[in-house]
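Given chain A, put chain B in place with the hints provided.
Single-letter residue listing:
Number of protein chains: 2
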Amino acid sequence: MIQIAVLGYGTVGSGVVEVINTNHSSINKKAGEEINIKYVLDLRDFPGDPIQEKIVHDFDVILNDPEIKIVVEVMGGVEPAYTFTKKALLAGKSVCTSNKELVARHGAELLEIARERNINYLFEASCGGGIPIIRPLNSSLTADEIDEITGILNGTTNYILTEMAEKGSDFADVLKEAQNLGYAERNPEADVEGYDACRKIAILSSLAFGRQVDYEDIYTEGISKITATDIKYAKAMGQMIKLLAVSRKVDGSFYAMVSPVLVGPSDPLYSVNGVFNAIFVHGNVLGDAMFYGSGAGKLPTASAVVADVVDEARHLNRSIMAFWSSKKLELTDISNSSRKFFVRVKGTPETELAKVQEVFGNVQPVVVADVDGEFGFVTEVMTEAEYKAKAESFGEVLGMIRVRRVED
Amino acid sequence: MIQIAVLGYGTVGSGVVEVINTNHSSINKKAGEEINIKYVLDLRDFPGDPIQEKIVHDFDVILNDPEIKIVVEVMGGVEPAYTFTKKALLAGKSVCTSNKELVARHGAELLEIARERNINYLFEASCGGGIPIIRPLNSSLTADEIDEITGILNGTTNYILTEMAEKGSDFADVLKEAQNLGYAERNPEADVEGYDACRKIAILSSLAFGRQVDYEDIYTEGISKITATDIKYAKAMGQMIKLLAVSRKVDGSFYAMVSPVLVGPSDPLYSVNGVFNAIFVHGNVLGDAMFYGSGAGKLPTASAVVADVVDEARHLNRSIMAFWSSKKLELTDISNSSRKFFVRVKGTPETELAKVQEVFGNVQPVVVADVDGEFGFVTEVMTEAEYKAKAESFGEVLGMIRVRRVED
Chain A
1 MIQIAVLGYG TVGSGVVEVI NTNHSSINKK AGEEINIKYV LDLRDFPGDP IQEKIVHDFD
61 VILNDPEIKI VVEVMGGVEP AYTFTKKALL AGKSVCTSNK ELVARHGAEL LEIARERNIN
121 YLFEASCGGG IPIIRPLNSS LTADEIDEIT GILNGTTNYI LTEMAEKGSD FADVLKEAQN
181 LGYAERNPEA DVEGYDACRK IAILSSLAFG RQVDYEDIYT EGISKITATD IKYAKAMGQM
241 IKLLAVSRKV DGSFYAMVSP VLVGPSDPLY SVNGVFNAIF VHGNVLGDAM FYGSGAGKLP
301 TASAVVADVV DEARHLNRSI MAFWSSKKLE LTDISNSSRK FFVRVKGTPE TELAKVQEVF
361 GNVQPVVVAD VDGEFGFVTE VMTEAEYKAK AESFGEVLGM IRVRRVED
Chain B
1 MIQIAVLGYG TVGSGVVEVI NTNHSSINKK AGEEINIKYV LDLRDFPGDP IQEKIVHDFD
61 VILNDPEIKI VVEVMGGVEP AYTFTKKALL AGKSVCTSNK ELVARHGAEL LEIARERNIN
121 YLFEASCGGG IPIIRPLNSS LTADEIDEIT GILNGTTNYI LTEMAEKGSD FADVLKEAQN
181 LGYAERNPEA DVEGYDACRK IAILSSLAFG RQVDYEDIYT EGISKITATD IKYAKAMGQM
241 IKLLAVSRKV DGSFYAMVSP VLVGPSDPLY SVNGVFNAIF VHGNVLGDAM FYGSGAGKLP
301 TASAVVADVV DEARHLNRSI MAFWSSKKLE LTDISNSSRK FFVRVKGTPE TELAKVQEVF
361 GNVQPVVVAD VDGEFGFVTE VMTEAEYKAK AESFGEVLGM IRVRRVED
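Chains as they are written, first to last, in UniProt numbering: chain A, 1 to 408; chain B, 1 to 408.
If you are wondering where the hints come from, they were derived from the structure by calculation, not from laboratory data.
Honestly, I wouldn't trust all of these hints.
Identical copies carry no separate label here, and so any pair may be met within one copy or between two of them.
With a cut-off of at most 16 Å between alpha-carbon atoms, the simulated EDC-like pairs for lysine to aspartate or glutamate come out as follows [unchecked claim]: (1) K54 <-> E67; (2) K298 <-> D288; (3) K87 <-> D58; (4) K340 <-> E216.
In this text, all values refer to a predicted model and were calculated from it rather than measured experimentally.
Same shape as in the complex, but just chain A (with noise of 0.2 Å):
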C-alpha cells in the first residue's frame, strides 16, 4: 500500500479525493500498488464528511511520517505551497501539483531536489488541466526537436471569445455572463489579461526547450480589448479570434507572446470552443500534432493529478522528469518575429484607401455591413517592429489584431 497526503481541500483537493475513490481498483492496478490517502491536510475542519477522519492542520505531521511517499499539492500560490513542497522533497518524498505559479516560479530547483534523490516532482496537471502534454512532451516527442508550442491554454478567455462570436455580444457582457456561471473569478484579470495563459507557456516552454523560460519575459496581452467589432470583421474573413499563448524558435532564437490572434478554418485550433483548451505543437520530424480536452474544471484537472500519482507510485525511487535546466533561456524581444496583421483604420476605402496603401502597401479593404466609418486590412508578412513603424507614420489605428498563419 502506498501512503499519499493531499494539501488543499478546495476544488482540486476534493476532485482528488473523488477521482481515487471512483475509480479505485483500476487505479490501484495501474499503479501496482494500493493508493490510500492517509491525511488531507487544510485549515478547515469538514464535520459530516467522510474526509474528516483525514484532515490534518499542520503540515508536519504529514512531512515527519515516513509512511508518506507522495504528496499531493493543490493548494495554488507560491507560498505555503513552495516550503511544503521543498521540504517534502527533501524528505524524499514525491510531490505531484497542479499549481501553475509555483511550477512556473520554481520548477527547475524542485525537479533538480527531486532529481538528486531519486523521486519525482510532476505537474500534469498545470497546464491544460486534464490534457496529457507534460508528460508527452518529456516521454513521447523525444526524437523531434520542438520548434513551435502554440496553446488556447485558458478556459475562461476562450469562453468568452467562444460566445463573442456566436453572440455578438460585447466583451464585457460575456464576462458579467461567464463569471454568474462559475466560469469566470469575480476578480477575472489573471484570466482576461492573459497573465494565466503566459505561465503555463513558460513552462511548456521551458520542458520543450530544456532551459528556464522566466514568465516575466513574455510579452503578454489579454482580450479585454477586444470588441463585438472585431468579431464582425473576424466573420467576415472567415476567422475565429482566440487567446493563443506562443512559444517559437526562429533561426536559432525563442520567442514567445500571449496575445489575440486572427485563427482560420484550416488551423487546427480554429474549432478549439468554448471552455476546452489545445496545445499545438510542431516538432521538426513529427511536423503538426495537438493536444485537446478540457482545460479545467474539477475532474479533469483531478484525473491528471492522480495521473501523475500513477506515475509516482510506478516509479518510487527513480526519476523520470528531465529536461528543464535552471540555466536560463534568452528570449529575443517579440520585434524581430514576422507575421500578418489586421488592422481597423478610420474613414472608408474610398478616402482612405490610398493613404493606407501609401504605408501600408497593395492591401485590401475589408469592409463589414453594419460598421461605419471604418473600414479593416491584413497587411503583407512584416516583423513587429516595421508594423510598429508604419502604424505610427500611419497615424490613428482603431484597433490591430495579428494573424496565426501566413496563408491566411
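Structure of chain B alone, referenced to chain A:
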C-alpha cells in the same frame, strides 16, 4: 552507447535512420546514452548509400550479437516479423515497431514475453502514425476508466473523403487522384474497406480496456460506397462524412465498429481533414480529449518509432508497458448499439413522406437542390437491430450513413 538494429530499410526504416541522424544530439541527451545503429536488416543491398556498411541479410547476426539491446522492427506484415520479434524478445532484446498487423494479432503474447524478461515491446507508431496515443493511454490516462475511443485512423480514406467534400467529386475519381499522388496504394482495399482502421482500433481498445480485442470480431464497413450524392446531403445538413473507428463501453458491455459516420461541426473530429488523423478519447473523470496529428508518412511515423527507442533506452531492464491481457474481450454484437441514422429513399417528400413516417416515425425530409427523384431523413435514436427491421419493412433504401452524436 546503446547499439540498435533496424529490421527493414523501406519507407519507415529509412525514416528511422534519417530521424536518428537528424536529431542525434537531442535524442542521445533524452535517451541518456548515445544511440547507435549497428545493423540494418534488408534483403537488398544499397551500394553508394552510407547505410550499406550496416546492411546485413541474416537476422541471426543481429540475434546473436549481445551488444544489440534494441531491435526496431519496421518490416510490416505478420511474417517473418513475428518470428524475428519473438526471437529478439526471448533473447532479452527490447523491440519497438510500427507494425499494426503484428501488434493486432500477437500484441498480447509479445507484451507478455517482454514483461517476463523485464524488457519492452513498444508500438507507438502502430496507431495514428506520429500521434502520441499509445503512451498517453498507457501512462497518462491512468486515473480514468476509458469508455470511448473514436478515431480517424486512416489517412488515405480521410484524404479521399475530404477531397470528395471539397470538390464534389466521386469516390472513384478521387481514389485515382490519390493513387497518383502516392496517398493511396495501387491495391487500396486495406485502406478503403476499413481493414487498416479496424486493426488500429483493435490495438487501442485492447490497451484501453486491458483485454484482447480480436480485430476479426469488429464490424467493418469502408467508404467505397460513399457517393458524391451522399456528400451533397452531408453538406446540406452542415456535416462531414468521416470513416470512424469506434470502440465503446455501454452498460458494462463493449462494442467496436468501423464505418462512415456523419459528424457535426461541434465535434472535435469534424475539422480533422486531409491525411491527418485524430483519436478522440472519453474518460469517466477526464471527459473529452483528442489527439491530432500526422497519421502516416515517413518522418512522422519514424518520429514515433524513435520515441519508442528512446523510451526503451531509458528502461533497459524495466518493463513499462502493461495492461493488455491475452484474455479475450468478448464484444457484443453491434445490433444493440443505438444511434440516429441518415437514410436516403426514392421519390419526393410529397409522395413518399407519409410512407416513410409510417415506418420511421415523425422524421423531417432533407432535400438537396440538384438531387432529383430522392430525398433523405434522419431517424430518431434507435438500435441497429431496430433500424434494420424498419429498413426491411420499408422496402428499398438508397443508402444509410450512421450519425455520430445523438444531438446532431
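Hint-by-hint comparison with the structure:
no. : hint          : in the structure
1   : K54 <-> E67   : within (14 Å within a copy, 52 Å between copies)
2   : K298 <-> D288 : between (30 Å within a copy, 14 Å between copies)
3   : K87 <-> D58   : within (13 Å within a copy, 56 Å between copies)
4   : K340 <-> E216 : neither (25 Å within a copy, 51 Å between copies)
In the structure shown, a violation is registered for the earlier hint numbered 4 alone.
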